[in-house]
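Enquirer: All chains should be modelled from the sequences, with the hints used to inform the complete structure.
Using my numbering, read the sequence shown as starting at -1 and increasing by one per residue.
Hints may be right or wrong, so weigh each one.
[Unchecked claim] Each computed EDC-like pair below joins lysine to aspartate or glutamate, with the alpha-carbon atoms no more than 16 Å apart:
hint : residue 1 : residue 2
1    : Lys95     : Glu11
2    : Lys95     : Glu18
3    : Lys95     : Asp20
4    : Lys95     : Glu13
Hint data in this document are derived by calculation from the structure and do not stem from the laboratory.
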Amino acid sequence: MQVGEQRDQLQKELELAMLEADLAATDADEARARVRCLEQRLAASGDYLAGIPIPDTERPASASSCVQALELAEAHLDLVVIGDTLDAADELDQHLKGAMWGRRACQALRT
-1 MQVGEQRDQL
9 QKELELAMLE
19 ADLAATDADE
29 ARARVRCLEQ
39 RLAASGDYLA
49 GIPIPDTERP
59 ASASSCVQAL
69 ELAEAHLDLV
79 VIGDTLDAAD
89 ELDQHLKGAM
99 WGRRACQALR
109 T
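Expert: Take a look at the structure:
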């Protein structure tokens, strides 16, 4: 295998690994939301509830892009002012890590 071919193969593997990591992080967010929901219900009722779906009100807002993260912030965070940044966010979304950055922006804004 030539150096260029090896580089291309490694680049593809890296892209796949990054996508898998982003999906795993999204799954982890869902799991944390589920735990919070169940803990709150358990504390409120004294019952152990298993297998219940997470209500939409308990599901964390998540974005699949930087633009979507800004749109969610504008829609849900009354004290946050988002300036004219959609073009810059769109440029970030063109990057391989754009979806991951959008999700992390949502996480940061939630905390």
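Enquirer: Does each hint hold? Answer for all of them.
Expert: Each hint tested on the structure:
1. Lys95 with Glu11: Holds, at roughly 14 Å.
2. Lys95 with Glu18: holds (12 Å)
3. Lys95 with Asp20: holds (9 Å)
4. Lys95 with Glu13: holds (9 Å)
Of the numbered hints given earlier, the model fails none.
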